[in-house]
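**Q** So the sequence lines, in the order shown, correspond to chains A and B.
Heads up, the first sequence is in the working numbering, so the first residue is 244 and it goes up one at a time.
Heads up, the second sequence is in the working numbering, so the first residue is 23 and it goes up one at a time.
One or more of the hints may lead you astray.
Capping the alpha-carbon separation at 25 Å, the derived lysine to any residue pairs in SDA-like fashion look like this [stated by the list, open to error]:
{"#": "1", "chain 1": "B", "residue 1": "Lys161", "chain 2": "A", "residue 2": "Val554"}
{"#": "2", "chain 1": "A", "residue 1": "Lys307", "chain 2": "B", "residue 2": "Gly60"}
{"#": "3", "chain 1": "A", "residue 1": "Lys307", "chain 2": "B", "residue 2": "Val61"}
{"#": "4", "chain 1": "A", "residue 1": "Lys307", "chain 2": "B", "residue 2": "Val54"}
{"#": "5", "chain 1": "B", "residue 1": "Lys161", "chain 2": "A", "residue 2": "Leu548"}
{"#": "6", "chain 1": "B", "residue 1": "Lys128", "chain 2": "A", "residue 2": "Thr569"}
{"#": "7", "chain 1": "B", "residue 1": "Lys161", "chain 2": "A", "residue 2": "Ala586"}
{"#": "8", "chain 1": "B", "residue 1": "Lys161", "chain 2": "A", "residue 2": "Phe536"}
{"#": "9", "chain 1": "B", "residue 1": "Lys161", "chain 2": "A", "residue 2": "Arg441"}
{"#": "10", "chain 1": "B", "residue 1": "Lys161", "chain 2": "A", "residue 2": "Val584"}
{"#": "11", "chain 1": "A", "residue 1": "Lys491", "chain 2": "B", "residue 2": "Gly163"}
{"#": "12", "chain 1": "A", "residue 1": "Lys307", "chain 2": "B", "residue 2": "Glu344"}
{"#": "13", "chain 1": "A", "residue 1": "Lys307", "chain 2": "B", "residue 2": "Ala57"}
{"#": "14", "chain 1": "B", "residue 1": "Lys161", "chain 2": "A", "residue 2": "Arg539"}
{"#": "15", "chain 1": "B", "residue 1": "Lys161", "chain 2": "A", "residue 2": "Ala555"}
{"#": "16", "chain 1": "A", "residue 1": "Lys307", "chain 2": "B", "residue 2": "Ile56"}
{"#": "17", "chain 1": "B", "residue 1": "Lys161", "chain 2": "A", "residue 2": "Ala579"}
{"#": "18", "chain 1": "B", "residue 1": "Lys161", "chain 2": "A", "residue 2": "Leu583"}
{"#": "19", "chain 1": "B", "residue 1": "Lys161", "chain 2": "A", "residue 2": "Phe576"}
{"#": "20", "chain 1": "B", "residue 1": "Lys161", "chain 2": "A", "residue 2": "Gly494"}
{"#": "21", "chain 1": "A", "residue 1": "Lys307", "chain 2": "B", "residue 2": "Ile58"}
{"#": "22", "chain 1": "B", "residue 1": "Lys161", "chain 2": "A", "residue 2": "Lys307"}
{"#": "23", "chain 1": "B", "residue 1": "Lys161", "chain 2": "A", "residue 2": "Arg593"}
{"#": "24", "chain 1": "A", "residue 1": "Lys415", "chain 2": "A", "residue 2": "Arg441"}
{"#": "25", "chain 1": "B", "residue 1": "Lys161", "chain 2": "A", "residue 2": "Gln465"}
{"#": "26", "chain 1": "B", "residue 1": "Lys161", "chain 2": "A", "residue 2": "Leu551"}
{"#": "27", "chain 1": "B", "residue 1": "Lys161", "chain 2": "A", "residue 2": "Gly587"}
Quick partial rundown of chain B residues pointing at chain A, CB under 7 Å, derived from the structure [unchecked claim]:
{"#": "28", "residue": "Tyr59"}
{"#": "29", "residue": "Val61"}
{"#": "30", "residue": "Ile107"}
{"#": "31", "residue": "Ala160"}
{"#": "32", "residue": "Val164"}
{"#": "33", "residue": "Leu172"}
{"#": "34", "residue": "Trp183"}
{"#": "35", "residue": "Ser187"}
{"#": "36", "residue": "Ser342"}
{"#": "37", "residue": "Leu345"}
{"#": "38", "residue": "Gly351"}
Quick caveat, the hints were computed from the structure, so don't treat them as lab data.
All C-beta atoms, glycine included, are put in the ideal place defined by N, C-alpha and C.
What follows is each chain in one-letter form.
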Amino acid sequence: MISFAAIGVGPFDTNLLSQALILATPILLAGIGELISERAGVINVGLEGMMLSGAFFAYLVDWKAHSAAIGLLGGIGGGLIFAVIMGLLAIEAGADQIVAGVAITLAAIGLTGFLFEQIFQNLQQITVHTVHSWSIPVLTKIPSFGPALFNHDPLVFLAFILVPIAWFLLFKTRWGLAIRAAGELPSAVDSAGISVRRVRWMGVLCAGGLAGLAGADLSIVQVGIFHEGMSAGLGYLALVAVIFGRWKPVGVLAAALVLGGTNALQLRVGEQPYIQSAFWGAIALIALIWLGFQARHRNAPSMTLTALLVVAGVVLLIVQPHISLTQPLWVGFPYAVALLVLAGSRTAARMPSALSVPYRRGQS
Amino acid sequence: MSDLTKSKIRQGVLDVALMLLVVVIALAIALVFIAIYGVSPGRAISAFLQGAFSGNFNLGSTLSKMVPLTLVALGWIVAFRGGRIQVGFPGQIITGGIFSSIVALKISLPIWLHLPLAVLAGMLGGGLCAWVAAWLWAKRGVNEILSTLLINLVMAQILDWWVQSPFHDPSTPLPQTRALPTSSLYPVLLTNTDLHWDIILLPVAVIVIAFVLARTVWGFKVRVCGANALVARHSGISPTRIGTQAMFWSGALAGLAGASLVLAGTTPAMGEVFEGGVGFNGIAVALLARNSPWGVIPAALLFAALAQGGQVMQATVNISSELVGIIQGLMIMLVLAATTMLYLTQRRRRKGPGERELVPPPELRGAELGATP
Numbered sequence: 244m245i246s247f248a249a250i251g252v253g254p255f256d257t258n259l260l261s262q263a264l265i266l267a268t269p270i271l272l273a274g275i276g277e278l279i280s281e282r283a284g285v286i287n288v289g290l291e292g293m294m295l296s297g298a299f300f301a302y303l304v305d306w307k308a309h310s311a312a313i314g315l316l317g318g319i320g321g322g323l324i325f326a327v328i329m330g331l332l333a334i335e336a337g338a339d340q341i342v343a344g345v346a347i348t349l350a351a352i353g354l355t356g357f358l359f360e361q362i363f364q365n366l367q368q369i370t371v372h373t374v375h376s377w378s379i380p381v382l383t384k385i386p387s388f389g390p391a392l393f394n395h396d397p398l399v400f401l402a403f404i405l406v407p408i409a410w411f412l413l414f415k416t417r418w419g420l421a422i423r424a425a426g427e428l429p430s431a432v433d434s435a436g437i438s439v440r441r442v443r444w445m446g447v448l449c450a451g452g453l454a455g456l457a458g459a460d461l462s463i464v465q466v467g468i469f470h471e472g473m474s475a476g477l478g479y480l481a482l483v484a485v486i487f488g489r490w491k492p493v494g495v496l497a498a499a500l501v502l503g504g505t506n507a508l509q510l511r512v513g514e515q516p517y518i519q520s521a522f523w524g525a526i527a528l529i530a531l532i533w534l535g536f537q538a539r540h541r542n543a544p545s546m547t548l549t550a551l552l553v554v555a556g557v558v559l560l561i562v563q564p565h566i567s568l569t570q571p572l573w574v575g576f577p578y579a580v581a582l583l584v585l586a587g588s589r590t591a592a593r594m595p596s597a598l599s600v601p602y603r604r605g606q607s
Numbered sequence: 023m024s025d026l027t028k029s030k031i032r033q034g035v036l037d038v039a040l041m042l043l044v045v046v047i048a049l050a051i052a053l054v055f056i057a058i059y060g061v062s063p064g065r066a067i068s069a070f071l072q073g074a075f076s077g078n079f080n081l082g083s084t085l086s087k088m089v090p091l092t093l094v095a096l097g098w099i100v101a102f103r104g105g106r107i108q109v110g111f112p113g114q115i116i117t118g119g120i121f122s123s124i125v126a127l128k129i130s131l132p133i134w135l136h137l138p139l140a141v142l143a144g145m146l147g148g149g150l151c152a153w154v155a156a157w158l159w160a161k162r163g164v165n166e167i168l169s170t171l172l173i174n175l176v177m178a179q180i181l182d183w184w185v186q187s188p189f190h191d192p193s194t195p196l197p198q199t200r201a202l203p204t205s206s207l208y209p210v211l212l213t214n215t216d217l218h219w220d221i222i223l224l225p226v227a228v229i230v231i232a233f234v235l236a237r238t239v240w241g242f243k244v245r246v247c248g249a250n251a252l253v254a255r256h257s258g259i260s261p262t263r264i265g266t267q268a269m270f271w272s273g274a275l276a277g278l279a280g281a282s283l284v285l286a287g288t289t290p291a292m293g294e295v296f297e298g299g300v301g302f303n304g305i306a307v308a309l310l311a312r313n314s315p316w317g318v319i320p321a322a323l324l325f326a327a328l329a330q331g332g333q334v335m336q337a338t339v340n341i342s343s344e345l346v347g348i349i350q351g352l353m354i355m356l357v358l359a360a361t362t363m364l365y366l367t368q369r370r371r372r373k374g375p376g377e378r379e380l381v382p383p384p385e386l387r388g389a390e391l392g393a394t395p
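With the rest of the complex left out, here is chain A (with noise of 0.2 Å):
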């Protein structure tokens, strides 16, 4: 698949890069999707099943149909049967979003079970179609990183594209004005002679149509099969991204690239023997920028703890001990990773003030 020659120190090298691509783009397209959603005002905790959904009805579209373009259509319109229960559960009837979320993922890990057992019992596992990558003309020729940064497949490019469009379309537009208020102050919204429930299924239907993409770059761009459970936790990075992000896309796009890069990470060094020094300078250096990030916001308390890490990573560095952890430890890692950031940032006072409050009129 990736056939240059890989140029780096131990793990980090142009094939990591571009594996942190390749996996940050699922935890990118969800997140830009609930970006929307949650400036809209609806937290969106289904996103999970809303991935595991997509991902399912790609492959049976793109299984029935023969054509990996009509199943990325199936995945879209499999996150969005349950963008529409969970519009109608969180705007039409007010319930608690982060119940119907949560029964949002439960009903979808059982449909998709429930179909796939039923439809693909007595056949072999089949391999679909899978989406060509693409390489971008000349920029692919540049030595060393260009291959990994210039091919790859569409949705690839669509994820990193879709950060300035929708930073245009949340801060540039009328739109966006109408969705970040139906967040922020939905009254507001609501006088000005817009309907809040209007905005708020757009970016309910935002959310539910990227993570069905994001779903479907799981199962027929990545791998072309489908097994139960395959969005395996990915939806709630992307919730974890958006809150990262800080509710910006850029932010967005920053913690999408941690976290598909801590992922990345995990799979390369999980392979090896032991833990290799370059991780552990990784460690220390990444903590040390964090550290540098946080200096400038004065986040006296959490400081400390960076700056332990930094020491940590160095003494790891020095002492090269020969750890190993098994697998699983390894797949737990990225999660692992993402409770540390969120423990890390204090992010609170940047939420839209609205997240899921169900808007009733003349009752504020």
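Use these hints to put chain B onto chain A, whose structure you have.
**A** Frame of chain A; chain B shown alone:
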């Protein structure tokens, strides 16, 4: 009979009727799925009922499945009444199971000491797992829903490693622990069934939680924090401290459920998938019970019957037991929709001129996201 009692009774009857309606609609939708796959609904229903209730073995399995579901549902209720929405039950069950397995395998004691110790260790494990999320919420302002979801994912991997490496049974390639000694297991209550003595936890836990929440000072504080954090703070109750405690005990109940799953399971060992979806289904049970400790018993019976009957249905009429997952998701959605509609229509009817605005019950208000204490 006073007017207040009358209206309370009317409300109760309405609630029960509504929940029954929800169950009927969800089951009807499930029958549609069954019919699509060419199985006659009559055959499916009889296979299901037989699987869930017929004979000692099936009935015993259903009852034994009720225990962890009830405990988790009670855990949700404790946290929810305190205004905290924690969804880390799968992770807490796993931590509880791991702690129980340590005590069960590493210590040898007579049963009257070994079993209680293993059970307490499970509670402690679940409580600690929830306390991590509670601490992150109280001290770092981390939204407890997201942190518990992430902890679930981490704990699932730790369990994977736990049953493959340090506690793996070398005599089998399966990812499971060595056989736990009999002195650490709940004794079987009914021979040749899965029904163990842990069934007594069911009434005991329901009574204790109902009593604590309704009749003790701590329970009152929990309810005040959940109903209105501002009022709590003004009356000298710290919503942060009470919320943390509520989450710890909520996790401890999930840990107790984990101990039951390990120490009263079908095989006397802890496997990779012993949690089996109980964590999230427990939430569904609590919602169907409308967050009332007493309502948990019928709701848990229904969900346990669904799980047990669904397994048998898969074996006899070849319908995937994943169908149960659809039913459970549907039920939560319908409960949410129904309770909200009920509240809205009642509000519209009661809000005559000069009457005060009804305060919406906590389950209808949006959760306080990231509420930094």
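**Q** Would you pick out the hints that fail for this structure and give their numbers low to high?
**A** When the structure is compared with the hints, numbers 9, 22, 25, 29 and 31 turn out to be violated.
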